[in-house]
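Colleague: Here's the letter readout for the chains.
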Amino acid sequence: MGLSNDPDPKLAEYAHPERLVTTEWLAQHLGDNGLVVVESDEDVLLYDTGHIPGAVKVDWHTELNDPVARDYVDGERFAQICAERGITRDTTVVFYGDRNNWWATYALWVFSLFGHPDVRILDGGRAKWVAENREMTTEQAKPASVDYPVVDRDDTQIRAFKEQVLAHLGKPLVDVRSPGEYSGELLHMPDYPQEGAVRGGHIPGAASVPWARAAAEDATFKTRADLEAIYQQEQGLSPDDDVVAYCRIGERSSHTWFVLTHLLGFSKVRNYDGSWTEWGNSVRVPIVQGSERGSV
Amino acid sequence: MTEQTTGALPPQLAELVDDFASVGPKDRLQLLLELSRELPELPERYADAADTMEQVHECQSPLFLAVEVDPDPERRVHLFFSAPPEAPTTRGFASIMHTGLDGEAAGDVLAVPDDFYTALGLAEAVSPLRLRGMAAMLARIKKQVRAATAA
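From first to last, the protein sequence lines are chains A and B. Taking the UniProt record's numbering, the leading residue of the first sequence gets 1, the next gets one more, and so forth. Taking the UniProt record's numbering, the leading residue of the second sequence gets 1, the next gets one more, and so forth.
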């Protein structure tokens, strides 16, 4: 099942090298049977301006989110999304996108809620592919529709809900937002729209590690040693810790979830997708303002 | 609401709203993409002066805006935008503003309803969160026009 792993030595350092591919590997495998490349961007039009040949698009906002409930799509809708894109349960899905793969990791995380077995990230994402002058096309991929089974979403392993975070207080939490959001000075991330939270600050005890610290200049992930220096040496997290990551609506923290889970091999990391828009608006949940972690 | 909104819009903007409203969601995205390609380049006097432009922080991508108001009695408004090519949605929003409002009298720009963009029918295709960037752009344009005409 699935394609061979990318044997690149940088990737080999990571705990789960099978979760990443290099631009070189992808260029060589484009068009292989059993591979579907998925672009997932912040900008809803970016795919249409040019994309990796054969890549299909999944929009995190309008497709992976349920249009009514604040939740992800259900198994039936997910099966339809995959089927229309030529993705079977055995397909190797390689995600890439803009902005350091931020939304690509989010899409991968949602695919992981449905237990899709072989999901990978293109290290460096769209930016690196473009910087290397690799082929792009505006031709829409038209995959033949295939069958994808209706699989129940499993929210128990990698997703955390507010009540679970309340019960988790005192254990490791990672706040991946900007320092201004963490301290409570800003109610939204710099340059981004207000997503109304009536209180600023962070969850008591949460460490502040802005998500983009995990990305290198060229949008690739930092090396394993550099990531260990941040999360393990500097923040004192340990791979057997029970960790919850959060941001504002759960997208930035999916990037950190990917780093901790697949690059550093942490065994229990959950993404709290309700994040600050839920926590900062909830009655009687404890919050901390200022730059100190605080405690319950 | 749509009727009222269109009624108060300058002709070019009203035409754009009609164009968007008359097609389905997929074609609306295509229209936005075409508009993103039509956003004029910044004139040279702004090329090295990004710091004199105002950043629209509400947009999901870096967007800079400059507003000039003619000294003539009409107080015609001229709009200048800067957004990177890898942010086509933001460029598309800016282009809607430019196509719809550039050259209009200050009073007509100020009279554009703040929620005019809802009539474009983009919420389904683009998502409401992303659309807020356009509301913010209009708010900042109006603020600058007010400041320029009060002086």
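By construction, these hints were calculated from the structure, which means they are not laboratory data. A portion of the hints provided could be inaccurate.
[Stated by the list, open to error] Below, computed lysine-lysine pairings styled on DSS-like, alpha-carbon distance capped at 27 angstroms:
#: 1; chain 1: A; residue 1: K10; chain 2: A; residue 2: K222
#: 2; chain 1: A; residue 1: K171; chain 2: A; residue 2: K222
#: 3; chain 1: A; residue 1: K57; chain 2: B; residue 2: K26
#: 4; chain 1: A; residue 1: K57; chain 2: A; residue 2: K171
#: 5; chain 1: A; residue 1: K222; chain 2: A; residue 2: K57
#: 6; chain 1: B; residue 1: K143; chain 2: A; residue 2: K142
Colleague: Each hint should be assessed against the structure and marked as holding or not.
Modeller: To see whether the hints hold, each was checked on the structure:
no.	hint	result
1	K10/A x K222/A	holds, 10 angstroms
2	K171/A x K222/A	holds, 26 angstroms
3	K57/A x K26/B	holds, 14 angstroms
4	K57/A x K171/A	violated, 37 angstroms
5	K222/A x K57/A	holds, 26 angstroms
6	K143/B x K142/A	violated, 46 angstroms
Violated hints, in rising order: 4 and 6; the structure is consistent with all others.
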